[in-house]
Amino acid sequence: MQGSFEALIGLEVHVQLRTATKAFCSCPLDASAPPNTLTCPVCLGHPGTLPVANRVMIEHTLRLALALNASIQPVSTFSRKNYFYPDLPKGYQITQFHDTLCYNGRLDIELDTGKTRTIGISRIHLEEDAGKSLYNSDGVQLDFNRCGIPLLELVTEPDLTSPREARIFLATVRQLVTYLGISDGEMETGSLRCDANISVRRPGGAIPSTWTELKNMNSLRNVETAVAHEIERQVSLLRQDTFIRPCTFSWDDAANRLVPMRSKETTSEYRYFPDPDLPPLTISPELIDSIKATQPELPAARRERIMDRYHLPAYDARVLTAEKTLADYYEQAASHLQQKTPEAFRLLCRWTTREVLHAFRKQPADSGFPVPPDHLAFLVNRMLNATLTARTAGEVFLEMLREHAHPREILERKDLTQISTPDIIAPVVTTILDRHPDLVEEYISGKTALRGFFIGEIMKATAGRANPSLALRVLEAELEKRRAGA
Amino acid sequence: MAATLADIERAAILSALSFSEEESCRLLGEFRHILTWLDQLLEVDTEGVEPLTYVHERGIPCRADDTRSCLPREDALMNAPHHTRAFFVVPRVHRS
Chain A
1 MQGSFEALIG LEVHVQLRTA TKAFCSCPLD ASAPPNTLTC PVCLGHPGTL PVANRVMIEH
61 TLRLALALNA SIQPVSTFSR KNYFYPDLPK GYQITQFHDT LCYNGRLDIE LDTGKTRTIG
121 ISRIHLEEDA GKSLYNSDGV QLDFNRCGIP LLELVTEPDL TSPREARIFL ATVRQLVTYL
181 GISDGEMETG SLRCDANISV RRPGGAIPST WTELKNMNSL RNVETAVAHE IERQVSLLRQ
241 DTFIRPCTFS WDDAANRLVP MRSKETTSEY RYFPDPDLPP LTISPELIDS IKATQPELPA
301 ARRERIMDRY HLPAYDARVL TAEKTLADYY EQAASHLQQK TPEAFRLLCR WTTREVLHAF
361 RKQPADSGFP VPPDHLAFLV NRMLNATLTA RTAGEVFLEM LREHAHPREI LERKDLTQIS
421 TPDIIAPVVT TILDRHPDLV EEYISGKTAL RGFFIGEIMK ATAGRANPSL ALRVLEAELE
481 KRRAGA
Chain B
1001 MAATLADIER AAILSALSFS EEESCRLLGE FRHILTWLDQ LLEVDTEGVE PLTYVHERGI
1061 PCRADDTRSC LPREDALMNA PHHTRAFFVV PRVHRS
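Chains A and B are the protein sequences, given in the same order.
Going by my numbering, the final residue of the first sequence carries number 486, and the count climbs one at a time with no gaps.
Going by my numbering, the final residue of the second sequence carries number 1096, and the count climbs one at a time with no gaps.
Think of the hints as simulated: they come from the structure by calculation, not from any bench.
Remember, it's a predicted structure, so these values are computed and weren't measured experimentally.
Virtual Cβ for every residue (Gly too), placed ideally from N, Cα, C.
It is possible that part of the hints are untrue.
Unchecked claim - So these bits of chain B aren't anywhere near chain A, every CB distance computed over 10 angstroms:
id, residue
1, SER1015
2, SER1018
3, PHE1019
4, SER1020
5, GLU1021
6, GLY1029
7, ILE1034
8, LEU1035
9, TRP1037
10, LEU1038
11, GLN1040
12, ASP1045
13, HIS1056
14, ILE1060
15, ARG1073
What the hints assert, rightly or not - Just a few of them, taken from the derived set where beta-carbon distance is under 7 angstroms, the chain B residues facing chain A:
id, residue
16, ALA1011
17, LEU1014
18, ALA1016
19, GLU1022
20, CYS1025
21, ARG1026
22, PRO1051
23, THR1053
24, CYS1062
25, ARG1063
26, THR1067
27, PHE1087
28, PHE1088
29, PRO1091
30, ARG1092
Okay, chain B solo, but in the shape it has when bound (with noise of 0.2 angstroms):
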C-alpha cells in the first residue's frame, strides 16, 4: 500500500516534529522508496517460519541488587546542549 500525506503527518505528530508542504512532500517521496524496499522483503516466504528474536537461548542474566557508584553531576550534564547546574534543559515540547 502506498504511503500518503496523511502518514507523514501521522509519524510527524508521533514525532512530535512539524513539516511544510514542502517537506512532507520531499519526505513522501523517500518514505515511498524506503517501502518499496521492505515491500522486496515481504516476497520472501516465510510461512512455516518461527521469528528469531533473540539470537541465543541463553536467559537474562541477572545482577545482585548493590549500588555503584553515579556519574558525577558535571559528567552526567557534560554533553548536554543545553543545562544549568543541576538539571538538563530542553524546549517544552508540548502544550501543557
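Bound-form chain A, shown alone (with noise of 0.2 angstroms):
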C-alpha cells in the first residue's frame, strides 16, 4: 500500500439479470433490437399502467443470495426512487431501498497469494435499469429498450484494500453470476457494471468520513487502474495536508485518467418513498427451499470435483473453472474421449487450457464456437491411440478453428494422416542412414543418443506424419541390421 495509508475500497456491482422479459412488464429483452421497438405502456410510464413483478428475478436474486450465504428478508418493499431525467419515463425509478431483498453476505476472494479473504456484502436489492440517452448536437435521442431491465444491485462493506481485490473480486462475482446462470456477467457489454466508493487513512485510523466515486469502469482492468488512480490521488492530498472532497469520478479508458463528473455536496436528494403501486414483496420458506434444491454446482464444488473425477492438479483444475463456459466444454469433451484414463483426461484439459482457451479468447463458445467438444476429443482420441502425431493435431486444430470442419474431414482432404505402415517408413529410414554413414558408425560404435537426430530427420522427411513409435521401431531394426553386416 501507498507508504503510511491504507485504502478502503467498497464497490457498488450492477448485475443484469438473465430473464426473458423486464422486470415490471413483459417486453422481452434483446439488445439488438432496433431503438424504441421494446416498449409498452409500463415501461413508457404512461398514465394509469401498474407494474407486475417478474418472478424469475425474484428467484435469480434469491440463488444469490443464497450463494453468498446472505440473509432474505421474509417481507421486502420496492420503493420509488424520484430524479428527474429525460432517460427516465416515470420521472422515477423502481428500487429497494429501506427494506431490501437480502443483506449480510459475504463472498470468499482468492488472492494472487492463494490466501483467501472474506468480502461482507451490505445488501443485495433488485432495480429496473433506466433507457439509453444519445447525444447529438440537436439534443438527446432516447432509446427506452433498455427501460425497465431486471437490475441486480450488490453493495460490499468497505472491505477491499486494494486495486487488485477490487478487480479479484468484480472477477469473482462475475464468476459465480454465470455458474448460477443469471447474468452473462459481460462487462464490455454492460451486463456486469461496478462502482467503486475509495477512501485512505492511516492504518488503523478512524473511518474516514469522506468518500468519492468511481464510475464507468466497463472492464475488469479499468477497475484495478481506476482505483489505482484514485488512491494515489487521496494519499498525495493527504501528505500535502489538504482536504478530499467529497466527488464523483468518471474513468476516460482513452485518456487514462479520472474526470469530475459532480461534486457529491450538490448531489440530487431523491425522496425515496414505497410504491403505492407494488404491495410488499413476500418470500416464502418455501420458495427458498425450492431454490436451494435447485441450486446449481457453484466454481469451488466443481473445481473439488473436477479435480477428484479427472485427476488434474489444483492448478489446471482452477484454469479450467474460471470460466463455466471453459469447464462446460472440457466436461464434453471428457465425456467423448475412448479411454477414460488418468493420461487421457490431461491431456485433454492440456488441449483445452491452452488451444481451446486461446481460440476462446478470440471467440466465445456461446457465439458458435467452431470446435464442437467432440470434435476435440476425436483429436485427443487420435493422439492416444497413437495415429496423430501432436504437432499434425495442432495444424488440424488450426484448420477446424478456420473451417469449422470435422477433423476426420480435414485428415483425409490435407493427407495429414499419420503414416503407420512400415512399407512406407522402411524406405525413408534407409535413404537417411544411407546420407549419414559417418553417424551411423558412431551408433554401432556406442553413441546411441544419435537415435533421437535419425528420429528427427525421419519427421522432417514425413512432414511430421509418422507414427513415432513404428518409426522408432523401424529406426531400430534398420541400424540392428547394419550393425549384423558390419
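Each chain sits in its own coordinate frame; assemble them with the hints.
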C-alpha cells in the first residue's frame, strides 16, 4: 500500500439479470433490437398503468443471496427513487431502499498469494434499468428498449484494501453469476457494471468521513487501474495535508485518467418512498427451499469435483473452472474420450487450457465456437492411440477453427493422416541412414543418443506424419541390420 | 419552519428548472401556503400509530417470465412532442 496509508474500497456492482422479460412488464430483452421497439405503456410510464413483478428476477436474486450466505428478508419493499432525467419516463426508478431483499452476505476471494479473504456484502437488492441517451448536436435521442430491464445491485462493505483485490472481487462475482446462470456477466456489453467508493486513511485511523466515487469502469482492468489512480490521488493530497472533497469521477479509458463528474455536495435528493403500486414482496420458506434444491454447482465445488474425477492438479482445475463455458467444454469433451484414463484426461486438459482457451478469448463458446467438444475429443483420441502426432493435431486444430469442419474430413482432405505402415517408413529410414554413414558408424560404436537425431530426420522427411513409435521400431531394426552387417 | 428563497432554489435545481427572482418570490409565497396546510396535519397526534404504507396485507403478485407483444414503434412515439422515426428527442438538460 501507498507508504503509511491504507485504502478502504467498497464496490457497488450492478448485474443485469438473465430473464426473458423486463422487471415489471412483459417486454422482451434484446440488446440488438432496433431502438424503441421493445416498449409498452408500463415501461414508457403511461398514466394508469401498473407494474407487475417478474417472478424469475426475484428467484435469480435469491439464488445469488444463497450463494453469498446472505440473509433474506421475509418481507421487503419496492421504493420510488425520484429524479428528473429524460431516460427515466416515469420520473422515478423502482428500486429497493428501506427494506432490501437480501443483506449481510459474504464472498470469499482468492488472492494472488493463494490466501483467501472474506468480503462482506452489506445488501443485495433489485431495481430497474433506465433508458439509453444518445447525445448529438440537435439534443438527446432516447431509446427506451433498456428501460425496465431487471438489475440486481450488490453493495460490499468497505473491506477491499487494494486495486487488485477490487478486481479479483469483481471477477469472482462475475464467475459466480455465470455459474448460477442468472446473468451473462459481460462487462463489455454492460451486463456487469461496477462503481467504486474509495477512501484512504492512516493505518488503524478512524473510518474517514469523505469518500469519492468512481464510475464508468467497464472492464476488470479498468477497475484495477482507476482505483489505483484514485488511491494515489488521495494519498498525495493527504501528504500535503489537503482536505479530500467528496466527488464523483468518471474513468476515461482512452485518456487513462479520472474526470470529475459532479461534486457530491450538490448531489440529488431522491425522495425515496414506498411504491404504492407494488405491495410488499413476501418470500416464503418454501420458495427458498425450492431454490436451494435447484442451486447449480458453484465454482469451488466444481473445482474440487473436476480435480477428483479427472485426476487433475489444482492449478489445472482452477484454469478450467475460471470460466463456466470452459469447464462445460472440457467435461463435454471428456465424455467423448475413448479411454477414461488419467493420461487421457490430462492430455485433454492440456488442449483445453491452451488451444481452446486461447481460441475462446477471440471467439467465446456461446457465439458459435467452431470446434464442438466432441471434435476436440476426436483429435485427443487419435493422439492417444498413436495415430496422430501432437504436431499434426495442432495443424488440424487450426484448420478446424478456420473451417468449422470435422477433423476426420480435414485429415483426409489434406492427407495429414499418420503414416502407420512400415512399408512407407522403411525406405525413408534407409535413405536417411545412407546419407549419414559416419553417424551410423558412431551409433554402432555406442553413441546411441544419435537415435534422437535420426528420428528427427525421419519426422522432417515425412512432414511430421510418421507414427513416432513405429518410426523408432523401423529405425532400430535397420540400425541393428547394419550393425550385424558391419 | 418557514421556507426561504434558498429552498426554492434547491427545489429548482432538483427539478432541473430555473426561475427569475420575481418567479421565485411568487413561488415562495405558494410554498409557504402549502407548508402551512401541511403544518395543520402535524397537529394530529400520531404517537404509537404505525404508518400505513399499504392499504391491504396481500403480498406482491408476481407474473411468469413470458413475453408479450410490444407497442409498434409508431404508437410508442406517437404522443412525444419531438421524435425522429426511431427515437424520442428531448433538449439537453444539463452540461455534459
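Please verify that hint: B:THR1067, Cβ, nearest Cβ of chain A, below 7 angstroms or not.
4 angstroms, holds
Taking the minimum C-beta separation from B:GLY1029 to chain A, is that value above 10 angstroms?
23 angstroms, holds
Checking the smallest CB distance to chain A, is B:ASP1045 really beyond 10 angstroms?
With a cut-off of 10 angstroms, B:ASP1045 remains clear of chain A, as the shortest Cβ separation is near 23 angstroms.
B:GLU1022 as an interface hint toward chain A, with CB separation required under 7 angstroms
23 angstroms, violated
Beyond 10 angstroms from chain A, beta-carbon-wise, is B:ILE1060?
5 angstroms, violated
For the restraint on B:ARG1092, tell me whether the closest CB of chain A is nearer than 7 angstroms.
With Cβ-Cβ at 6 angstroms, under 7 angstroms, it holds.
Taking the least C-beta to C-beta distance, is B:LEU1014 closer than 7 angstroms to chain A?
This hint holds: B:LEU1014 lies near chain A, its Cβ roughly 6 angstroms from the closest one there, short of 7 angstroms.
Could you check that no beta carbon of chain A comes within 10 angstroms of the beta carbon of B:SER1018?
13 angstroms, holds
Holds or violated: is the Cβ of B:SER1015 farther than 10 angstroms from all Cβ atoms of chain A?
6 angstroms, violated
Hold the hint about B:PRO1051 up to the distance rule: shortest CB distance to chain A must be less than 7 angstroms.
Where the cut-off is 7 angstroms and the nearest Cβ of chain A is about 9 angstroms from B:PRO1051, the hint is violated.
Just to be careful: measuring from the Cβ of B:ALA1011 to every Cβ in chain A, is the smallest value less than 7 angstroms?
Violated: closest Cβ of chain A sits about 9 angstroms from B:ALA1011, beyond 7 angstroms.
Check the non-interface label on B:LEU1038: least C-beta distance to chain A beyond 10 angstroms or not.
15 angstroms, holds
This entry does not satisfy hints 1, 13, 14, 15, 16, 19, 20, 21 and 22, going by the numbered hints stated previously.
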